[in-house]
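Produce the complete structure using the sequences and hints provided.
Residue numbers (the numbering used here), protein chains in the order written: chain A, 1 to 306; chain B, 1001 to 1306; chain C, 2001 to 2306; chain D, 3001 to 3306.
In case anyone wonders, no lab produced these hints; they're calculated from the structure. Think of the CB as a built atom: it goes at the ideal place given N, C-alpha and C, for glycine as much as any other residue. Be careful, since some hints might not be right.
[To be verified] Listed next, with one range per pair, are the computed distances between beta-carbon atoms:
#1 A:A153 <-> D:Y3162: 22 to 30 Å
#2 B:V1024 <-> D:D3266: 24 to 32 Å
#3 A:G252 <-> B:A1306: 26 to 34 Å
#4 C:E2304 <-> B:T1166: 33 to 41 Å
#5 C:R2131 <-> B:A1154: 44 to 52 Å
#6 B:I1152 <-> C:R2079: 39 to 47 Å
#7 A:G252 <-> D:R3134: 26 to 34 Å
#8 B:E1174 <-> A:T176: 31 to 39 Å
#9 D:R3134 <-> C:N2167: 36 to 44 Å
#10 D:Y3162 <-> C:E2304: 51 to 59 Å
There are 4 protein chains.
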Amino acid sequence: MLAFETGHFATLWAQMARRLGLEVDLVPGDWRRGADPAVAEERLAADSDHAIKAVLVVHNETSTGVTSRVPQIRAALDRTRHPALLLVDTISSLGSIDYRHDEWGVDVTIGCSQKGLMLPPGFGLNAVSDRALRAAASAGLPRSYWAWEPVIAANADGLWPYTPPTNLLYGAREATRLLLDEGLDAVFARHARHAEATRRAVSAWGLELLCQVPEEHSASLTAVLLPEGHDERKLRTLVLDRCNLSLGGGLGMLAGRVFRIGHLGDLNDPTLLGALSGIELGLRLAGVPHRPGGVSAALEHLAETA
Amino acid sequence: MLAFETGHFATLWAQMARRLGLEVDLVPGDWRRGADPAVAEERLAADSDHAIKAVLVVHNETSTGVTSRVPQIRAALDRTRHPALLLVDTISSLGSIDYRHDEWGVDVTIGCSQKGLMLPPGFGLNAVSDRALRAAASAGLPRSYWAWEPVIAANADGLWPYTPPTNLLYGAREATRLLLDEGLDAVFARHARHAEATRRAVSAWGLELLCQVPEEHSASLTAVLLPEGHDERKLRTLVLDRCNLSLGGGLGMLAGRVFRIGHLGDLNDPTLLGALSGIELGLRLAGVPHRPGGVSAALEHLAETA
Amino acid sequence: MLAFETGHFATLWAQMARRLGLEVDLVPGDWRRGADPAVAEERLAADSDHAIKAVLVVHNETSTGVTSRVPQIRAALDRTRHPALLLVDTISSLGSIDYRHDEWGVDVTIGCSQKGLMLPPGFGLNAVSDRALRAAASAGLPRSYWAWEPVIAANADGLWPYTPPTNLLYGAREATRLLLDEGLDAVFARHARHAEATRRAVSAWGLELLCQVPEEHSASLTAVLLPEGHDERKLRTLVLDRCNLSLGGGLGMLAGRVFRIGHLGDLNDPTLLGALSGIELGLRLAGVPHRPGGVSAALEHLAETA
Amino acid sequence: MLAFETGHFATLWAQMARRLGLEVDLVPGDWRRGADPAVAEERLAADSDHAIKAVLVVHNETSTGVTSRVPQIRAALDRTRHPALLLVDTISSLGSIDYRHDEWGVDVTIGCSQKGLMLPPGFGLNAVSDRALRAAASAGLPRSYWAWEPVIAANADGLWPYTPPTNLLYGAREATRLLLDEGLDAVFARHARHAEATRRAVSAWGLELLCQVPEEHSASLTAVLLPEGHDERKLRTLVLDRCNLSLGGGLGMLAGRVFRIGHLGDLNDPTLLGALSGIELGLRLAGVPHRPGGVSAALEHLAETA
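This is how it looks when you write it as structure tokens:
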């Protein structure tokens, strides 16, 4: 399997795959950029005997706020005429960032209930291509709970092989209704606009974004580097205690260095600005060197684009 | 009854009393200041035959954001040795602004469920002095639902003469627990700090506070005058539609001219700053002349006093 | 005012009216039958100078499980050509038992949120005829909160003169939708069927119904007499403690002697049979002399009429 | 692995294990009795080279209402001095039927959120012995999500390797508090008493229990055979539509022949009797041959043992 070290969760996928005995070629990365289509193309072109069975991309890295460009990875597969399956993790992009399973020729899409669908954690979602189903049918790795066949068979009658989280299915129906009523394009535009406002706040504070590639900035969350010598855990604890506002922390090798601002799901302008206000208060109280005016910069952007 | 035209609700009380056949001396006012203790003292002193049976003060005028100084009205009664009962409406101050029924010698305090107690509307509260109970016993005005005696009699067994809102009584128990856990002094200080931050935002915007007496600024809500030619209804509709944020409108003679920012109940720094952000956005989108920077000024005050 | 001593709440209305200074001719009663149309007609016929300004009937006495026949009271007014207003309390019948304000020529109908509308307590409802509005306009009794005019005036714009229980209005919209989706005739038939099943249980137990007039049996609740020497409070406490089932107690002069089984609102067959089961268990555990088989008799009726 | 064909879920476990490539010796059964300790002892005694690595028992078969006697399986392992691990599924017994992981020497206990813990589906629970942990460390079957080590490692800091269902953990805390407040012995006795009442109802109806071994009757659910020619699906649909009461259906080879009555979790006497009433109504309406009186028989037992 070809994968890209784009962050904590991409690394976790590689670990999980290796734990299952799979061979993973994890393209090294600095967690500040997405999966590199050029590298993908190079590896695929070099794999003339098609040892690579699958390419795994995390669409939106929850640990870094970087969105990989899946269509360009698809293009690399197409240009090299490589038959590897394309697997995409959309955990923190589904319902928040434009994504197209069919149009982009993805074979397995992995989603979940607890991010853009605005539900509690409790179910995962797979969209699976015919090619992936055929591959599963002939695959040798033992599996049971994770096997698709019994699920697909039971689903034909509206059932599930095991106890399903019925409560969350009702929730998903309502969440889908909310998203479709607003219109998916409007939902994606809303998150993109809030993400830009957030980045303007970060820039006004004089802090550094973790993501270094402008076209890979995530619309669902923004990760911010703290200056050397300042621990994000102190900032987050302070903001949680004083503002009842829960920021994301640094995961894996980013622990201590990065905090993350989520702006997915049910969010509007004053909620975002309230959250940014809590962060600006926290930066000040935690003694993190920064310039004031982040909230103003975000508000300015939201007003201009209202 | 002596009352003071401090705002919409004081005027409403006078109307209601008159509708019941009571004679009300309503001291005229411009709705920008509280009940004037000097005027109270003058009227009481002049009432040598004690025709005034009660003095009614609205502690915190929900329509204006002005808090009358009840202890000084009490002092006026004391200095003139006038036996009138002191009646106080604490609808929007109870649980948000310091208030002392016993210590201030109030005879009837009127409160409710739906403001500082953070509950849905559904019950009113009375604290009643022995003098008021004796006055009620001999009063000639017919009353039934509003009679205290059957309530007090039934309460002795933990009951109520009619169907009580049991659900809200459970809610009141929880609300009281929340307030006492935080500590009433801390609750009052929290609202006072949020009120000051709100006024700094208003001042930074270059808008005018309705309340003209600094020591009468309300800690539970702030009313803001819009410049001539700008209608608060347009601003509020816009803010509600775009930000899902419901501002108070101008009541009675303030309709069209004043909008009101509530900062009572369950509120913390980012929630207040989010609300002020929504207003700053709204002012801009509604084309109301103002300077930017209101949210920044509020944030600055909150940071300084954190 | 002409009223009928049909139970605790009719008596309470008379007390309330008298407390307001009104003269009430309360036709004596034993709380086991409804308002007697023949007596009504006799009193009205005798009142040649129309001193009676209003006739008050409690449609369904919550304390007794007796439903008065309002159309026959109306007929008594019509036959005597008496101009008195007809006032009807539908507290425990509205939405549970057929009732027709316009068709029956009622002038003031009084309802509430917390019974057949399946909501928490928190609002009252009035339907008011033009005649009643005109009477109110010229009536001398001082009133303020209870005055209809300000409410009607404010309602014209969708508003309310005071703080309305908005939460309950949303609830009422949903409750109304539920009732209309089921169909009012179906709702009334459901309660009538459950009431008959309940009476069959009572009869099988060998206990006595409080209501003595078959055509006045209430469809929304059933009151049951306990044998001499057995206190309903003991039974109810036991049933509450063991079964988490809250029965109504004896009100006013029925205290200790009568318990009440509510079967209004959201109720289906197993819920009713579960409640009757809890009562049969309680009768046995409390040592109340009775025959077993009440639940079976109710179940038999429900099966026959399913 | 040695397993016992005690019902649908035991069979499912065997299928799942085989799908993972494990060899399973599934002792045949008729789904009307639990795992046979004598057979277990015989197989274990014959396995002199310890090819059997684990013995799997479903403590309470959700599909049949049969509770296997785990301590006697343990005794068979002990008497044969066989080192196989003992694995027990407590899905529908945990928190409803007495069970002792340590005292009974179980190596792996499997539980869940959605039965006796009275929560929505969403998490599984494992209790794991040191021997099982050591076995896992040396086991060759590839696993990732199901691996214990990362979970145990993360739990040391109160964390989880993946996104945990935080909402259900709060629920579990409350559920545990409810169970411990009532007292586990009282909880188990409550379910045993309700199970006996249910069996008396079934017996009074003249229907047959699926479970044929008196000491293996389940305290958490009861499965009932319908007479030949009557389909449980018709009965269940009817009861659901008319009574809003959801019965369990026949699973696997019992489809069409058996319905199941759950009596676990939050249940009291009138709720059980209400459910039995709905079934008795349904039997009648579905034309299933039976004698009336099931509810009466259950009520009689509950009264006797109150």
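Problem - Outcome of range test on Cβ distance (Y3162 (chain D), E2304 (chain C); 51 to 59 Å) - result: Hint holds: Cβ distance 56 Å, inside 51 to 59 Å.
Problem - Range hint compliance [Cβ, V1024 (chain B) to D3266 (chain D), 24 to 32 Å] - result: Violated: the Cβ-Cβ distance is about 57 Å, outside 24 to 32 Å.
Handout entry: Supplied distance hint 44 to 52 Å, evaluated on CB atoms of R2131 (chain C) and A1154 (chain B)
Key = 35 Å, violated
Problem - Assessment of proposed distance window 26 to 34 Å (beta carbons of G252 (chain A), R3134 (chain D)) - result: 29 Å, holds
Exercise for the section: Using the Cβ atoms, figure out if A153 (chain A) sits within 22 to 30 Å of Y3162 (chain D). Expected result: Holds, since A153 (chain A) and Y3162 (chain D) (Cβ atoms, about 27 Å apart) stay within the stated range.
Problem - CB-CB spacing for T176 (chain A) and E1174 (chain B) relative to the 31 to 39 Å hint - result: 34 Å, holds
Handout entry: Hint check for R2079 (chain C) and I1152 (chain B) - Cβ pair distance inside 39 to 47 Å
Key = Given about 45 Å between the Cβ atoms, the range holds.
Problem - G252 (chain A) versus A1306 (chain B) beta-carbon gap, inside 26 to 34 Å or not - result: 32 Å, holds
Exercise for the section: For E2304 (chain C) and T1166 (chain B), compare the CB-CB distance with the range 33 to 41 Å and indicate the outcome. Expected result: Between E2304 (chain C) and T1166 (chain B), where Cβ atoms are some 38 Å apart, the hint holds.
Practice task
Return holds or violated for the Cβ distance of R3134 (chain D) and N2167 (chain C) against the range 36 to 44 Å.
Solution key: 58 Å, violated
Checked against the numbered hints given earlier, the structure breaks hints 2, 5 and 9 and satisfies all the rest.
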